[in-house]
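Student: Listed below are the residues making up each chain.
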Amino acid sequence: MTSDTDQSSLLGGKLSVINVGLDKFATELADHDVPVVHLDWKPPAGGDPELAALLSKMGT
Amino acid sequence: MELIEKANKEAIRRMLGAEPVLIDVVPAGEIVPDLKDKMILHAGPPVEWNHMCGPMQGAIAGITVFEGWADDLEQAASMAAGGGITFDANHHHDAVGPMTGMTTVSQPMLVVENRTTGNRAYCAINEGLGKVMRFGGNDAEVLNRLAWIRDVLGPAMGKALRDMGGIELKPLIARGLSMGDEMHQRNVACSGLVLRAIAAAMAKISDDSTALSEALAFISANDQFHLNIAMAMGKAIMDPVRDIKGSSIITAMSRNGTDFGIRVSGTGDEWFTAPVEMPEGLYFAGYTEADANPDMGDSTIVETIGLGGFAMGASPAVAGFVGAGAASEAANYTHRMSEICAAENPEWTIPSMDYLGVPSGIDVRLVVDSGIAPTINTGIAHREPGIGQVGAGVVRAPMACFEQAVRRLAEKVGIS
Numbered sequence: 001m002t003s004d005t006d007q008s009s010l011l012g013g014k015l016s017v018i019n020v021g022l023d024k025f026a027t028e029l030a031d032h033d034v035p036v037v038h039l040d041w042k043p044p045a046g047g048d049p050e051l052a053a054l055l056s057k058m059g060t
Numbered sequence: 001m002e003l004i005e006k007a008n009k010e011a012i013r014r015m016l017g018a019e020p021v022l023i024d025v026v027p028a029g030e031i032v033p034d035l036k037d038k039m040i041l042h043a044g045p046p047v048e049w050n051h052m053c054g055p056m057q058g059a060i061a062g063i064t065v066f067e068g069w070a071d072d073l074e075q076a077a078s079m080a081a082g083g084g085i086t087f088d089a090n091h092h093h094d095a096v097g098p099m100t101g102m103t104t105v106s107q108p109m110l111v112v113e114n115r116t117t118g119n120r121a122y123c124a125i126n127e128g129l130g131k132v133m134r135f136g137g138n139d140a141e142v143l144n145r146l147a148w149i150r151d152v153l154g155p156a157m158g159k160a161l162r163d164m165g166g167i168e169l170k171p172l173i174a175r176g177l178s179m180g181d182e183m184h185q186r187n188v189a190c191s192g193l194v195l196r197a198i199a200a201a202m203a204k205i206s207d208d209s210t211a212l213s214e215a216l217a218f219i220s221a222n223d224q225f226h227l228n229i230a231m232a233m234g235k236a237i238m239d240p241v242r243d244i245k246g247s248s249i250i251t252a253m254s255r256n257g258t259d260f261g262i263r264v265s266g267t268g269d270e271w272f273t274a275p276v277e278m279p280e281g282l283y284f285a286g287y288t289e290a291d292a293n294p295d296m297g298d299s300t301i302v303e304t305i306g307l308g309g310f311a312m313g314a315s316p317a318v319a320g321f322v323g324a325g326a327a328s329e330a331a332n333y334t335h336r337m338s339e340i341c342a343a344e345n346p347e348w349t350i351p352s353m354d355y356l357g358v359p360s361g362i363d364v365r366l367v368v369d370s371g372i373a374p375t376i377n378t379g380i381a382h383r384e385p386g387i388g389q390v391g392a393g394v395v396r397a398p399m400a401c402f403e404q405a406v407r408r409l410a411e412k413v414g415i416s
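In order, the protein sequence lines correspond to chains A and B. Residue numbers for the first sequence follow the working numbering, so the first one is 1 and each next one is one higher. Residue numbers for the second sequence follow the working numbering, so the first one is 1 and each next one is one higher.
Chain B on its own, in the form it takes in the complex (with noise of 0.2 Å):
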């Protein structure tokens, strides 16, 4: 159809055309006009208090804690469920957050701005692995970590930032492809780049040589430090794609723990959700899939560009780590992306596999006439609130998203 495949062609060149850059850390409360006191991003598609999975109800009551509006958790969760606390999804106010995907009024969001089309999206600062908020933690020691890179690390990243003139993300990201990452399970390489890109400016204009060394110390210790800013980056990138009338391409792929979201560009901001499924995979030592919840998070935001389960090609070790099969069987991923797919990044390639381009644009007409689900590497968290993650895997998005959306597109453009 005419009008279909035009529009598809401007998704595709704002797509490909974006410009990311990594240009500094701000308090969400300065950056997102309608976020208010006693108000909580998550993640994934609008949800209330009383369909939220365990650990997003964990991390809930725990940043309700940190902000000072409830003593204890036990306070936080009674006024969340009282109606205390309004909720809404990230996605509604230019923002992403991995798993439970908090964002309130002190977190300091990462900013990145796409130099093409102006717009800036946002996403809370990586806060390691294992017992952490986005999983779900919510004792003393993930408040106390918060409260250092509130009080710490984001205002040093952000007057590094802004005193180096940012950091452009698309070349970074490319040399993070050759070095083996797909940037969604696997960061080590691009942590690893934002790092070396950073500590000069980090160290220049601190005063303070052991908060220095304990902020470069944590980056360099978290390997899965970069995801947060791929994910401010996909956001920035896809803003721009969405009201496109026509056209077919998934602008957002997003999960709150009890729903599966897409928001398609030719039917504007309207979420397309289904149950969330189970993600398959490996678990850490001590837990089982018993212990698992289903998925979650904003970070599918990663694989709407193209990268992390689409680009699974570039990263054979994480192929193993997220229990996807064999390290060869990395490429057939890649490969059985590109079939829902409406083109390749040329700026993105795949060393090992020819330099082909991760396949980017997902077309829902392709997703739903193949049968072919998009393919998300994943953390998983526990079940219950307050242990953290517990593995990483594989899931599929479920097929019911795409059908709505091909339902909808269609009446939006005439067809029955």
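Isolated chain A (complex conformation) (with noise of 0.2 Å):
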């Protein structure tokens, strides 16, 4: 939760924006000239519950 005050100052100041996940949303501040840096992420064994466990399992 941010309190009025750091809503207004991070509307206000110049945004430095490191996105996680999917790039669209990366693509579209870079395409305002918003600096942003990317993390390409994804959920481990593409967010399935079983495979996770097992490779949690085998030491990923």
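Just so you know, these hints were derived from the structure itself, not from any lab. The beta-carbon is built from N, C-alpha and C at its ideal position, and this holds for glycine as well. Don't take each hint at face value.
[To be verified] Pair by pair, the computed Cβ-Cβ distance ranges are:
no. : chain 1 : residue 1 : chain 2 : residue 2 : range
1   : B       : 329       : A       : 56        : 43 to 53 Å
2   : B       : 36        : A       : 27        : 56 to 66 Å
3   : A       : 13        : B       : 327       : 57 to 67 Å
4   : A       : 28        : B       : 332       : 16 to 26 Å
5   : B       : 347       : A       : 13        : 46 to 56 Å
Work from the hints to combine the two standalone chains into their complex.
Tutor: Below you can see the structure in the form of structure tokens.
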């Protein structure tokens, strides 16, 4: 949660963005000259909980 | 998990400790014990005639005529469809083959010996680019070239290699990486290095200057000549890595134009398959993606040992050729493949990436966990039989193979 003061500071200041996951959000910001670093991330095992559990036990 | 980590350490030790040497060229019928008359070994996991793609069926028909088992292509196709030909995967016979990967009794096979472990692996000689049998070509021009390779080039290379004591491949690859090859879609440097290594020996044993001149001209004109040597080398390196209990290292990746298959050390010789994907790439003049056949060939053994798409950073020129983006993107492919590999190869380094070792030992757990599929640089065949190569591109291995393998390996090590 952010306070009203935090929000006005966020919106009024210069944005520096780290985007995690879908790259479309990063490209949209970059198109508007907003500095953005994109982190290519997906949930483990493509989001399959059974596979993710197996992999966890197998040491990844 | 300690069992897996220990097993993978052993797998990497065997991979990086391999000493592959190109020692001979011998007809397949003399060195592949179970290869019989009217039997064809093909690329990829096993596939029956009815499920083969167009270029695979075209190559089958062509090689059947070439071996004299049928009088023409129509009779050959009918013979294959009627059960008159026995099919099996190259990988089941210590062999590999690019694209359609035809191996039959009379094919001269490059022989690579792993001097650390003593095992040998085989691959037919590269025919050149364009309309060739590995891309499904099967007309008289294709068959005449194969006959010349069988009767002239193969025996000459074999005699020269025996006379000179073979060509050590590990240092040759190291040099090729520093000269801009990734050894799958760019073999310009390594092909030149092979020619330089073997030319004097071929001249020494030759008593026919015209045949010698033609043989040297053929090697000189084929930028991909070294690909098949790299493939036999890959097989010779990876076969001793098979069957290490608990190991999650991938020992083979291969495609038959219908299915993509992988094998994992800890699950033995079992194939895990899924439908192949379409390469994305660039096409020769006059062709488009509508002409393209899905992914095909045993050549992914090159990626399995850390070359090809894994070594893209060494080869900015190939990034453009296969439509993988700007030259500056090449290093990103290698960095990404590092995320799914257990090690780097300290003897095969990429100078332009501060001598980073090529990513080696694909860990099936890391592939599934990260969702990063191996990147493969590949040629693209026409979907119809008899036409040949129409382009080159990049293709991702289908994730379903790796997910199946993880489940099976978990069973094998007692995890549920």
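Student: Each of the hints needs a verdict: does it hold here or not?
Tutor: Hint check results:
Our hint of 43 to 53 Å for residue 329(B) and residue 56(A) is violated, since their Cβ atoms are close to 33 Å apart. Against the hinted window of 56 to 66 Å, the Cβ-Cβ separation of residue 36(B) and residue 27(A) comes to about 57 Å, which satisfies the hint. For residue 13(A) and residue 327(B), the hinted distance range of 57 to 67 Å is not satisfied, since their beta carbons lie about 38 Å from each other. For the pair residue 28(A) and residue 332(B), the supplied restraint of 16 to 26 Å holds, since their beta-carbon distance comes to about 21 Å.
Separated by about 51 Å at the C-beta atoms, residue 347(B) and residue 13(A) satisfy the suggested range of 46 to 56 Å.
Checked against the numbered hints above, the structure violates hints 1, 3; every other hint is satisfied.
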